[in-house]
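*Asks:* Chains as they are written, first to last, in numbering that gives the first Met the number 0: chain X, 0 to 237; chain W, 0 to 237; chain B, 0 to 277.
These are computed hints drawn from the structure, not numbers from a lab.
The structure presented is a predicted model; accordingly, all values stated were derived computationally and were not measured.
Even for Gly, the Cβ is constructed at its ideal location relative to N, Cα and C.
Each hint should be verified, as a subset may be incorrect.
What the hints assert, rightly or not - In silico BS3-like links for lysine-lysine, alpha-carbon gap of 27 angstroms or less:
#	chain 1	residue 1	chain 2	residue 2
1	X	Lys-104	B	Lys-48
2	B	Lys-155	X	Lys-137
3	W	Lys-137	W	Lys-104
4	X	Lys-137	X	Lys-103
5	B	Lys-92	B	Lys-155
6	X	Lys-104	X	Lys-82
7	W	Lys-189	B	Lys-48
8	B	Lys-92	B	Lys-72
9	W	Lys-103	W	Lys-137
10	X	Lys-103	B	Lys-155
Stated by the list, open to error - Just a few of them, taken from the derived set where beta-carbon distance is under 10 angstroms, the chain W residues facing chain X:
#	residue
11	Leu-91
12	Leu-144
13	Gly-147
Unchecked claim - Not close to chain X: a few residues of chain W, all C-beta gaps over 10 angstroms, as computed:
#	residue
14	Glu-29
15	Glu-33
16	Val-74
17	Thr-87
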Amino acid sequence: MASANTAVVIAVDNDAAGGKQTPEERRQAERMIEALLFASSEPLSAADLAARLPEGTDIQAPLRDLQQLYASRGVNLVQVAGKWCFRTAGDLSFLLSRQAVEQKKLSRAAMETLAIIAYHQPVTRAEIEEIRGVATSKGTLDLLLETGWIRMRGRRRAPGRPVTYGTTEAFLTHFGLDTVGDLPGLDELKGAGLLDSRISAGFSIPEPHAGDELTEDEDPLEEDEFRAELAETDEPGG
Amino acid sequence: MASANTAVVIAVDNDAAGGKQTPEERRQAERMIEALLFASSEPLSAADLAARLPEGTDIQAPLRDLQQLYASRGVNLVQVAGKWCFRTAGDLSFLLSRQAVEQKKLSRAAMETLAIIAYHQPVTRAEIEEIRGVATSKGTLDLLLETGWIRMRGRRRAPGRPVTYGTTEAFLTHFGLDTVGDLPGLDELKGAGLLDSRISAGFSIPEPHAGDELTEDEDPLEEDEFRAELAETDEPGG
Amino acid sequence: MTEPHAGQAEMWETYRPLAPSSDEPALVVDVDGFEGPLDLLLSLARTQKVDLTRISILALAEQYLAFIEEVRKLRLEVAADYLVMAAWLAYLKSRLLLPEEEDEEPTGEELAAALAFRLQRLEAMREAAARLANSNRLGRDVFARGAPEPIEIVRKSEFSATLYDLLTAYAARRQEMAALAVVHMKRRQVWSLNEAREMLSRLVGRIADWTPLHVFLSPYLTPEMRASVTASAFGASLELVREGRILLRQTEPFAPLYVRDRVAVAPVQSPSPEAGNG
């Protein structure tokens, strides 16, 4: 019985605070607050709302009701720095970003580096430079990593433990290859006229190493190293 | 038994149309549409929505549900110019007048001319003058073109090839109309034969035609002509 | 009615086809308030207080003619189109009153109906305009979201290359490098400024006395290197003088250059080659 009495007292208190609103008045207050917050270009405080609503309109109760009503919806009623506003629900923020795809062509240097990685993998940056005969900028390798066509495979068991690079499955998919072993060899390149047939006898083209497993002279990248490398490659190419 | 079978068939059909959505998927589609329409500064067509939502999301059913849900609220989901948007409820305008940017009021003559263009489009200046019984000052049409609510549509296939005028999407958006078919009192006016601009033609009733396609007796404006007309209308009204 | 503003008046204030004369008496305000004869007719029709569809065009014509007559009696100017309408209404009146001739087209009744139609249509458009003006207008009565949330554009690059591009790039570079490997370029024989500097810094410091420059250079002065060695040594020695590390002396033009370490001989006061040893 005591608890029932308490409930009555609370109800009376609420009623007093709400200026003895009828359900219809309460609904109308909700509608007005909804419209004001929707149309406002800035978040509004309870005081701002009170100033614009008919005098004596209860603000707090309708605000609470609205907040609850919108909590599960695509738009939420939130409080920012003590002021109220509508905001897109956090889990739907993806809707508010659109991807603009830019078609880009690889530079000649990047194409060469990619080709050398494909044929000579696993290959270190120093080895790429030796084959190309020029220094390879970090930007070129970053760009190739960004294409998703190359990846860091491991570290060469050699002084300085340099990172080894290889191609990815995305590389094979993009270039329509089943395995890197399908890359044309010396004779095929000659046959296609891409290599001079009078090229010196000592000239050879390696058999690319395809598998994901590391070769004998490779160590795995440690998890931390790997992340660090990735973070590093996010910088604008130097 | 026969009627029960029919009901089953209908249910299956509905299911197929709705892409076999679960209630959760439907709720999520509603939330996403709500979020997009709340966030957008411009009305969005069903196609716009579809382009931004995950592929295969049903648009029509959630839109109808949302429209119903918001109908009694302080913010309504409405269709203007064939596109969807949220707008504050019309009955709350008293509350929001403070938000209103002071707008220039159109003169009675300009408003009358706008109405004639809206209800009689495509319509020539001579026809507007015939209806109003006075010459239309060039300033009035310039002004209306400047508001972005009317546009030059084409040229009437008649002696002198006069320019025809019609309303724009901005007109529909401003006056909260889905199509020109929703102009207030249009049906009564049609029924009374009052939308006939040619008295002698008896009681054939042309309907306002706002579509971008030209009517049978309109020719397109030529690019140069169009520019010349625009340039002309830029002069201070004479 | 608000005051017309200069310039904007024509655009925004009520449009008046009749230019009011400046010296007209108060009565003219009534005439002036009409937008042409049709507007005047419509106003007169309203005084009949019946539905426009049942209006008596004959009575209306008489009202109009009486009105114009009144205005003219007051010797006020009436714009031409009002007079044209008056003439036409007088004609219409006669057509309505006199018995119709058989072959006349259109009949008086048809003309009256046409006028009634125009009045109804103008009235309808005025009402439509009022309805439009009073409808819920965006930015006045109804509002869009005050703070729309922008769509963020995330740029993503997509690369494309063909296998042919890949193979061409590879083959071309490998072939180029293979070709480079077999070419033996003849190295050009020069003695660089740096080499000269290094040699001078190394040797001069050890000899405290004035020494002819060519003594230091003699091991390098092969016939094909003579010019390069001499030029570089001279340049390097000037640089070292400027840095205050050596002293340089020449007794006359084209005479041999003498060098000496500056620090080592600092106590010696007379820096002359003839001054002999330290």
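*Asks:* Between Lys-104/X and Lys-82/X, is the straight-line Cα distance small enough, at 27 angstroms or below?
*Replies:* This hinted pair is violated, its Cα atoms lying about 49 angstroms apart.
*Asks:* Measuring from the C-beta of Leu-91/W to each C-beta in chain X, is the shortest one below 10 angstroms?
*Replies:* It holds, given that the least Cβ distance between Leu-91/W and chain X is near 5 angstroms, below 10 angstroms.
*Asks:* Please work out if Lys-104/X and Lys-48/B have their alpha carbons no farther apart than 27 angstroms.
*Replies:* Violated, at about 80 angstroms.
*Asks:* Between Lys-103/X and Lys-155/B, does the CA-CA distance stay at or below 27 angstroms?
*Replies:* 10 angstroms, holds
*Asks:* Verify the interface restraint on Leu-144/W: the C-beta must sit less than 10 angstroms from at least one C-beta of chain X.
*Replies:* Hint on Leu-144/W: violated, closest Cβ of chain X at ~29 angstroms, above 10 angstroms.
*Asks:* Between Lys-103/W and Lys-137/W, does the CA-CA distance stay at or below 27 angstroms?
*Replies:* 19 angstroms, holds
*Asks:* Mind checking the alpha carbons of Lys-92/B and Lys-72/B for me, to see if they're no more than 27 angstroms apart?
*Replies:* OK: Lys-92/B and Lys-72/B at ~21 angstroms, within 27 angstroms.
*Asks:* If you draw a straight line from the CA of Lys-92/B to the CA of Lys-155/B, is it 27 angstroms or shorter?
*Replies:* 80 angstroms, violated
*Asks:* Please work out if Lys-155/B and Lys-137/X have their alpha carbons no farther apart than 27 angstroms.
*Replies:* 20 angstroms, holds
*Asks:* Beyond 10 angstroms from chain X, beta-carbon-wise, is Val-74/W?
*Replies:* Answer for Val-74/W: violated, closest chain X Cβ roughly 5 angstroms.
*Asks:* For the pair supplied as a hint, Lys-189/W and Lys-48/B, confirm whether the alpha-carbon distance does not exceed 27 angstroms.
*Replies:* 24 angstroms, holds
*Asks:* Is the claim that Glu-33/W lies outside the interface with chain X correct, judged by CB distances over 10 angstroms?
*Replies:* At about 3 angstroms from chain X, Glu-33/W fails to clear the 10 angstroms cut-off, so the statement is violated.
Figure legend: structure checked against the earlier numbered hints; hints not met, in rising order: 1, 5, 6, 12, 13, 14, 15, 16 and 17.
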